[in-house]
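K.L.:
Sequence:
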Amino acid sequence: MDRVRLAYDFLRAYVYALVIGGIVTVLWLASPQIADAAEVASIWFAIGFFGVLVLVTFLLTQYAREF
1 MDRVRLAYDF
11 LRAYVYALVI
21 GGIVTVLWLA
31 SPQIADAAEV
41 ASIWFAIGFF
51 GVLVLVTFLL
61 TQYAREF
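Numbering (my numbering), first residue to last: 1 to 67.
Bear in mind the hints are in silico, worked out from the structure with no lab data behind them.
A portion of the hints provided could be inaccurate.
Unchecked claim - Label-pair distances were calculated between CB atoms; the ranges are: (1) Val15 with Thr61: 13 to 23 Å; (2) Phe49 with Trp28: 12 to 22 Å; (3) Phe67 with Ser31: 48 to 58 Å; (4) Glu66 with Val24: 35 to 45 Å.
No residue lacks a Cβ here, since even glycine has one placed at the ideal position from N, Cα and C.
All chains, please: the whole structure from these sequences, using the hints.
P.N.:
As structure tokens, then:
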């Protein structure tokens, strides 16, 4: 399998995981006895930062392949 296609599949799976995570977070916030809002915010900050890190790494590898 081509590495670029594999990276795109990984990014697509990551986006699907974010959407599912968003739905779970909405359900989580609907039941506030499960967790505090600060914990949910810190989880989303970590997930978002990891997503940015993955995207930057992917873009840098694509840029490096051209040169």
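K.L.:
Hints broken by the structure, by number, lowest first?
P.N.:
No numbers; nothing is violated.
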